[in-house]
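Colleague: Now for the letters of each chain:
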Amino acid sequence: MDKELGEIVSGFLPELRRGTVLLCVLAKLRRPAYGYQLITDLADTGMPVEANTLYPLLRRLEAQGLLESSWNTEGAKPRKYYAATAFGLEALSALKSQWQTAAQNMSNILEEEPS
Amino acid sequence: MNHELIDRYIYAVTRRLPPKLRADVEQELRSLISDMLEARCGAAPPGEKDVRAALTELGAPDKLAAKYSGDEGKALIGGEYFRMYKFVLKLVLPIAAGGVAFASVLSLLLNGGPESHTLAGIAAAVLEPVGGAFAGLIQAFAAVTFIFAVLERKKVDFGGGNFLDTLPPMPVRDERVKPWEPIAGMALCAAMALLFLAFPQIMGGWLDGAGWIPALDVTVMRGFWLPIALWAVLGIGKEALRLAEGRYTKRLAVAASVANPVIAACAAVAFRSGRIMNPLFLARMGEIFGEEALFNTLFAKGHLIFLGIVMFALVLEVVTFWVKARKYNR
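From first to last, the protein sequence lines are chains R and H. Sequential numbering from 1 applies to the first sequence in the working numbering. Sequential numbering from 1001 applies to the second sequence in the working numbering.
To be clear, the hints were calculated from the coordinates, so they are not data collected in a lab. From the three backbone atoms N, C-alpha and C, an ideal C-beta is built for every residue, glycine too. Honestly, I wouldn't trust all of these hints.
No more than 30 Å apart at the CA atoms, straight line, and that leaves these computed lysine-lysine pairs for DSS-like [claimed, not checked]:
no.	chain 1	residue 1	chain 2	residue 2
1	H	1155	H	1327
2	R	28	H	1020
3	H	1155	R	80
4	R	3	H	1090
5	H	1049	R	77
6	H	1090	H	1154
7	H	1086	H	1020
8	R	80	H	1090
9	R	80	H	1154
10	H	1327	R	77
11	H	1154	R	77
12	H	1074	H	1049
The following residues of chain H were derived to be distant from chain R, with all beta-carbon distances above 12 Å [unchecked claim]:
no.	residue
13	1033
14	1068
15	1072
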């Protein structure tokens, strides 16, 4: 029984993260960051993303105009920094209000008295 | 960070990427792997084990490349079209195989057919349509696949919006085989074999002064005992299966698709040549009808006309079985 419960939870988490990773990335990139920094940052805040998901995603968001990137070669090794564009910030605020509505609705559903 | 395994990994990821992406992705991956190793080992130089662990964490290069190129989740023929693709294939493949087999039997006939009615001759007459059917299968498969791959790429919409008005009607439940049909079929096969092998002389005509003249050359006809017997056995077997199944199943349609080309080949071996016609019969008919070329042709080509009717019936049967099997989805 515990094993089955574990399977249900471990199947649920990736689904949940898939829907929220875009929101996380846009929110974090209100300030410029490079890919690995973002990975450790998100992992520290309890929303881990795998590198092989995040790096292609960053590139796709850049192609969609939500992010912009630049190489910083001043440090010990060259790093590609990403940051949200104006369009990305606009998208972030729209997604954020969607998220807040959905979160409110979800908590209403979860807290309501069973009839 | 230079390491052969890392170089090979990065090359494996980037080699299929669009050229303008390649250098950028390569550099970014290199600094990512370097960061991962640093997190793992700190200031100490990373060993082979650390490199392997970091690259394993990144995952298979093909998958990563698919994510970078946006090809992830793409398919030649995706779920949306796959069911229709399967449906069309199931419909087209048997028709293509049967059609090509039929055509190759016909061309065998037009070119004079196999040399002999020995086992080798029959084997050749059977193998040619079978090989043709196989080639037909492959060509039809390629054509259907190509068409659906184009549909997938263009994401063609088949009016899915208006599905209520295009719902198919409920089928009429007449898929049951009426038992007398296969029984009559078996009787017909047996009668045919008996007629051609035991009593070919009873087909003919009574002529004043000459008495009964068989239309067929009895000796030549009996020489074809093997293909005729094979024809009868296959025909009876097919009808027995139809009786046993009781419905027009796909299994029955497949059996007919396999048996009928062989039967067609057997019929062709026996009836392609004018040698089986009794020359005396043809001569007498020629005398009676004189200049009436039409009748003379009818009698002289009687064996080919018979063969044509048999071929048509065999093809029609396969098509009918498939249509019924499909209709009732068994």
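Colleague: If a hint holds in the structure, say so; if it does not, say that too.
Modeller: Hints and how they fare:
1. H:1155 with H:1327: holds, 28 Å
2. R:28 with H:1020: holds, 28 Å
3. H:1155 with R:80: It is violated: about 36 Å lies between the C-alpha atoms, which goes past 30 Å.
4. R:3 with H:1090: violated, 42 Å
5. H:1049 with R:77: Holds: residue 1049 (chain H) and residue 77 (chain R) sit about 23 Å apart, inside 30 Å.
6. H:1090 with H:1154: Between residue 1090 (chain H) and residue 1154 (chain H) the Cα gap is close to 23 Å, so the pair holds against 30 Å.
7. H:1086 with H:1020: violated, 38 Å
8. R:80 with H:1090: Violated. Residue 80 (chain R) to residue 1090 (chain H) sits at ~52 Å, over the 30 Å cutoff.
9. R:80 with H:1154: violated, 35 Å
10. H:1327 with R:77: Measuring from Cα to Cα gives roughly 67 Å; hence the hint is violated.
11. H:1154 with R:77: Violated. Residue 1154 (chain H) to residue 77 (chain R) sits at ~43 Å, over the 30 Å cutoff.
12. H:1074 with H:1049: violated, 34 Å
13. 1033: violated, 9 Å
14. 1068: Given that some Cβ of chain R is not farther than 12 Å from that of residue 1068 (chain H), nearest at about 5 Å, it is violated.
15. 1072: violated, 8 Å
In summary, the numbered hints that this structure violates are 3, 4, 7, 8, 9, 10, 11, 12, 13, 14 and 15.
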